[in-house]
Every structure is written in structure tokens, then in C-alpha cells.
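Single-letter residue listing:
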Amino acid sequence: DAGVTQSPTHLIKTRGQQVTLRCSPKSGHDTVSWYQQALGQGPQFIFQYYEEEERQRGNFPDRFSGHQFPNYSSELNVNALLLGDSALYLCASSLGGGTVGSPLHFGNGTRLTVT
Amino acid sequence: GEDVEQSLFLSVREGDSSVINCTYTDSSSTYLYWYKQEPGAGLQLLTYIFSNMDMKQDQRLTVLLNKKDKHLSLRIADTQTGDSAIYFCAENRAAGNKLTFGGGTRVLVKP
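If you read the protein sequences in the order shown, they are chains A and B.
Numbering (our numbering) for the first sequence: 1 to 115.
Numbering (our numbering) for the second sequence: 1 to 111.
Worth flagging that the hints you see were computed from the coordinates, not collected in a lab.
Given the structure is predicted, the values throughout are model-derived calculations rather than measurements.
Built from N, CA and C at the ideal position, the CB exists for glycine as well.
Hints are not guaranteed to be accurate.
Some chain A residues judged to face chain B by a derived CB distance under 10 Å, without partners named [claimed, not checked]: (1) Val4; (2) Gln6; (3) Tyr35; (4) Gln37; (5) Pro43; (6) Cys91; (7) Val100.
My request is simple: use the sequences and hints to build the entire structure.
What follows is the structure in C-alpha cells.
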């Protein structure tokens, strides 16, 4: 039973560039959420995708966008990268959209470094 | 700042019990979670508790919830060196399946 997989594991980009991160949810899950974890802090919610639509969004600018595909996998796109976007980006999958209580299962993350 | 508060660091001897504490702010939170993060890894779901429960036990893990004080704790019995990690508590507020995390407690287990 495959868990949540993310790619790539590490990425180095330059300020102003754009980046795409990818996530495949745990088998049987249909909802994908993205979190940003800055060094030494807890994860912060970016947004959640269910039925190929953004359902909820945290306090992140429009430079952060996403997509969910019919097979439930998802992408996170960040445009016009800033140094402050350097972080571990975590993907989490769950079942049933915004169903409260469906535990989130996390991948190992993508470490993004912006220079 | 964080809506969910945790102490930064806990040191414990191997074989002793560890207790990690957490306070949250939203009394409407329905589920509360504990996650473990090892170096360079993602978050591993350890356990979770529904807000109408006071206690949940799962092998070496015991979760205690005091709703009146908005206080959550995780007790690890017979702590092992493999338990060294950062532990995050998180609350799942009523609207949608979105988690708000604390800043994490780094647990160091000494042999």
C-alpha cells in the first residue's frame, strides 16, 4: 500500500524563478492538502484540493497555485520565488474533501532552497 | 505567532516516560492530533483523539485531553532512543479538514 509520494525530494532555484512540486496521494485517498514548513517551525496550511478544485486556502499569496488531476495527484506551483519561500513543502492526503476527522497522511516533503 | 502552543524541548532518559504538552485555543476543535517528525522526513501520524473523549491509549502512547483548559498531552511509556524526534500537536477546527500545528517539541532520549 503506497503512501504519499512527493517529487522531487530537493530543489534549488533562483529568486524570481518558478517551481512545480508534485504529489501522489495514498492509495484510496481523494483529497490533497499542501503545507509549508519553514525551518524550526510547524507546518502552515497552503490549500486543499478535492474533486479537482481548490476547496480551502490558507494565508498565502496568489503566487502559490495548485492543481489536482483526475487521478487525484496534485501539483503545487510557486511563481516569482522569494528567498522566504525556502522551506519544506509537505503534501498530505485524506479522504472525503473537508470531512473533519479524516486523518491526514503526509509525504516526506520537497526541500526547496531559493538563492 | 502560533495558535497552538508547545514547549520547545524535552530531555528524557531511556526507559523513562515522556510527557509532551500542548495548549490550543479553539474550543470548537473536534479532533486533535499528534505527529512525529524525524530528521529529514515528513510527518508521521501517531494518534488522534476526538473532542468528546478524555483519554485514548494506543500501545505505548496515551493521549489526555482536558477540554476545559484546552490542554492536550502525549505520554510515551518506556521511551526508546528511536523516539528522539520532533513532536507536533495539531487541531482540526470545525470548518474543513485543515490542521493548525504547534511549533513542535524536540524530544531527546539519552541512553
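Against the structure, the hints come out as follows:
no.	hint	result
1	Val4	holds (8 Å)
2	Gln6	holds (8 Å)
3	Tyr35	holds (8 Å)
4	Gln37	holds (9 Å)
5	Pro43	holds (5 Å)
6	Cys91	holds (8 Å)
7	Val100	holds (5 Å)
The structure agrees with every numbered hint stated previously.
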